[in-house]
Amino acid sequence: MEIRAEGVARRFFRNGRNTNYFYAVRKTDFTLKGGTVAAVAGRSGSGKTTFANLLGGLLRPTEGRVLYDGRDLFEMDEKARSRFRAANVGFVPQGLSALQNLTVLENVTLPACFGGGGDRERAMALLGELGIADLADVYAGELSGGEARRMSIARALLPVPGLIIADEPTGDLDPASTTAALGLLRKAAENGAGVLIVTHDPAAVGACDLVYAMENGVLSRE
Amino acid sequence: MRISRKIALRNVLSKPFRSVFTAALSALLAFAVFAGGFAVLSLRNGLESYRERLGADVAVVPAASKGHGSVDDVLLQGITGNYYFSAKDVKKIKETAGIAAATEQFFLTSAKAGCCSARVQIIGFDPETDFAVLPWIARSYSGEIGEGDVVAGADISVPGDGLITFYGETYRVAAQLEKTGTGLDTAVYANRATVANMAKNAARLLETAPLQGVDPAAAVSAVLIRVEEGVDPETVADDINVHITKAEATPARGMISGVAKGLSGVSGIIGGLVAAVWVLSLAVLAAVFLLLTNERKKEFAVLRISGASPGDLLRVIGAEAAAVSGAGAAAGTALGVFISLLTAGDLRERLSLPVLSPGAGATLLLAALAVGFALLSGVGAAFVAVLRTAKRETGLLLREDT
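Note that the protein sequences, when read in sequence, are chains A and B.
Residue numbers for the first sequence follow this note's numbering, so the first one is 1 and each next one is one higher.
Residue numbers for the second sequence follow this note's numbering, so the first one is 1001 and each next one is one higher.
Here are the simulated lysine-lysine pairs, PhoX-like style, with alpha carbons at most 20 Å apart:
no.	chain 1	residue 1	chain 2	residue 2
1	B	Lys-1091	B	Lys-1246
2	A	Lys-79	B	Lys-1391
3	B	Lys-1297	A	Lys-79
4	B	Lys-1246	B	Lys-1088
Honestly, the hints are just simulated from the structure, not real lab data.
Using the sequences and the hints given, assemble the complete structure.
Given below as structure tokens:
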């Protein structure tokens, strides 16, 4: 697997006015190969999350293109890109992300419902490795922040994606859970996935092979 | 179960108040469509039945009875008056130019009869000359209506032995007529001789005789006229009104157009009310789903991250709207069927228009239409509200949520 950003940039308009805009990510070239765990660190508002969303196919670049094994993600139509993401991109978003009215197991197996891989057994195994297998039948709305974070990591890993993007994956986790989560991400990389972690957490940065810094939308290698 | 249906069902069940409120809006819409449609269809059927039933081109009643017991009162409401033509006037009416056939009718109001809780209108016709009542009776009964026989309207409760009592004497119910939706469903028909006999008994039994000295064998309450081909009924009616001061002639077309005008007015009001309820329900449903959509951006973002396309999101919302609107639509329609059938009789009395409920097939079709309309409106409102958000980039949904 190789994910490559070529001259990727994204600007946003303020108050919907065409003349008042800013670049969250400035023209950036970036490559991440399978087997690598990379970190993007930087201050809040520096453009890290926007960059992660661009790479994950969740946000269309205003300039440049994003290639997954040579395929331009944004040349696909919306449905094809959605299905492609379900199978190939595991995404752990910043903040809590769960369907409150589904159980933990149902949340984790969501990608399988939209054409991604994975099944109930793999979901249970992932929940076990993250220490929340006993919560499989609990509704997501009843989870603590840390439990919900681990659940979304399990969901991202379920289809055995080639690319895993985790935005602050250890933000709500205690040290033991952080170790477990980073261990799973490392294991995924060892199995061929490219892993990009957006983080403030020194423990997470320390577990990565490559570290990038983002400042005012400009990405640089540290 | 498909994931869209599972998510929809769980969302519906997890917010019972919101779901019930949304369902109630769909129920209101379905109720309005069904009840409005049922009322309009009933009125149209009633007009059609009235048109068929009338059978005459011109109806003539004594002028003194105008506004009370006039022919359209009799035909529509079964209200009779105690005014009668003299034999001289009847002769003059029949001599009017342009008349092809004329037949006399004699109206009598019964006292509280054994068969009925209310007073019954008795209409006597002349079998020799009749062209208005017999063809209608022939649709239900092919035998002869002899002396002592009566034909009962559809709403008359006929005892099991088929005998009915008027003024101390029993009569055989030869047939019961099809429903017309007019007051005549509570009327009884007999030939003149039978009705004259009833009138004689009435004079004997009651302190205040209904005929007040008029000979029942010769009394005439109305003359129904069929005009010659090519003759305008209005001309004949005008001619009678000008030359016979004690007669009030009305062309049937005038009566029908009066009923049709009333019907059109009532149908317009019903249509307007249904449209207003529809617009209001759509606006509120769209607002509810719009609020819901804004509340659920995080949920949509999770689904998109997991690989759901905008179409998948619409399926989730569509399934949710269909479940809630479908339940509401079914409940509203069921209530509409119940109330419409229960109040069909009241409608006729309140509107003073002929009302004939549609048959089972038309009622079922109307019910299906009401359910379908309310369901589509609910799902449509949900789609309109959610479409923009469903198509929004996932990254933007995440930004808006954090």
